[in-house]
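Undergrad: In case you want the letters, here they are:
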Amino acid sequence: MHPFEARFNRRDAKSAEKILFAACKIFMLLYDQLQVYLIAAAFLLAVGIYGLIRRRTLIGMLISGELIFAGASLNLMAFNRFTVRDQGVGQIFVLFIMGLAAAEVAIALSIIVAVYRNYRSVKTKELSELNG
Amino acid sequence: MNSFPATNLIVTAIFVLCLATMAAGALFAVLTNRLIRSVCGLAICAIGLAGLYYFLHSPFLALMEILIYVGAVCVTIIFAVMLAEPDEPPNDEKPGTIVVWGGIALAAAGGLFWGLTRLGARADWPAPEPLSQSGSLKAIGISLLTTYSLAFELISLVLLVAIIGALAIARLGRGRA
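Going down the list, the protein sequences come from chains A and B.
Position one of the first sequence corresponds to residue 0 (numbering that gives the first Met the number 0), numbered consecutively onward.
Position one of the second sequence corresponds to residue 0 (numbering that gives the first Met the number 0), numbered consecutively onward.
Since the hints were derived computationally from the structure, they do not count as laboratory data.
A couple of the hints might just be wrong.
With a straight-line Cα cutoff of 20 Å, these simulated EDC-like cross-link-like pairs (lysine to aspartate or glutamate) come out [said to hold, decoys possible]:
(1) 93/B / 85/A
(2) 124/A / 92/B
(3) 124/A / 152/B
(4) 122/A / 91/B
(5) 122/A / 92/B
(6) 137/B / 85/A
Start from the sequences, fold in the hints, and give me the full structure.
TA: Written as structure tokens, this is what we have:
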């Protein structure tokens with residue numbers, strides 16, 4: 000048993016002490032719980048979506064998309080560590096996600112540079128014409 | 000972890016520090032006006048994420064995250080910021096429009112976050128698997144060259160196509176500029 004648990008389960012501990020010890024127990028094993036990583040990945044997704052809606056330059060939107068990639072990778076890695084028997088699969092999958100994110104950033108940035116060369120700006124408000 | 004007195008507390012403190020770094024970097028990336036600071040926010044978020052990957056028993060992915068995200072992706076975005084505009088344009092929307100769109104963005108993001116958190120925290124997840132050697136670096140290397148060799152070759156093809164495509168798009172305007 001964990002050394003803290005022997006102390007927590009004493010019969011003569013008062014109820015406030017028991018609550019405090021339970022909170023300490025959850026806090027101590029924070030990095031061994033699946034929910035923490037899921038909440039962190041959901042936070043990254045939420046921040047990325049907020050950035051995608053509110054940013055007014057193309058590069059800002061690209062950075063927000065990268066944050067969403069990072070959130071998805073963290074989610075996959077959390078499930079890989081906690082619920083899967085063969086723990087190499089998730090790592091290889093996330094490695095490929097990172098490679099694809101890098102390739103996508105390369106292409107997106109070359110498109111952005113070409114757009115800037117033609118329109119002289121990357122503000123999304125001014126990129127509103129379709130004829131060349 | 001019984002040798003040093005407060006080992007568990009120190010490890011948990013480092014974990015909370017990694018979480019805070021990741022969250023602060025992400026918020027910094029979307030809330031600032033200057034694009035260079037936004038890229039730095041992404042780099043800080045990637046460093047915090049690398050710490051989290053280390054806690055998820057994957058030091059290989061932690062190093063790959065720093066190498067790929069901070070070393071390649073962020074540097075490429077800095078190159079593009081150097082070639083294009085460095086700042087967000089000044090906000091010339093009416094205050095009503097700002098409130099409406101900011102509210103919609105906050106509602107969408109907050110709703111997604113709350114929904115996913117509720118789903119993740121209350122679901123009945125199975126007990127964590129015992130640690131084995133299946134996630135070690137040697138096992139990853141072997142499986143990349145045997146089980147997943149097709150995917151490995153295909154991603155090298157994808158990277159080649161991406162490089163050639165980026166070169167073609169960027170060179171096409173050079174004659175006309």
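Undergrad: Does each hint hold? Answer for all of them.
TA: Against the structure, the hints:
1. 93/B / 85/A: Not OK: residue 93/B and residue 85/A at ~54 Å, beyond 20 Å, violated.
2. 124/A / 92/B: With a Cα-Cα distance of about 11 Å, the restraint between residue 124/A and residue 92/B holds, given a limit of 20 Å.
3. 124/A / 152/B: Given pair residue 124/A, residue 152/B is violated - Cα atoms ~40 Å apart, limit 20 Å.
4. 122/A / 91/B: Since the Cα atoms of residue 122/A and residue 91/B sit roughly 12 Å apart, the hinted pair holds (cutoff 20 Å).
5. 122/A / 92/B: Holds, because 14 Å separates the two Cα atoms, which is no more than 20 Å.
6. 137/B / 85/A: holds (13 Å)
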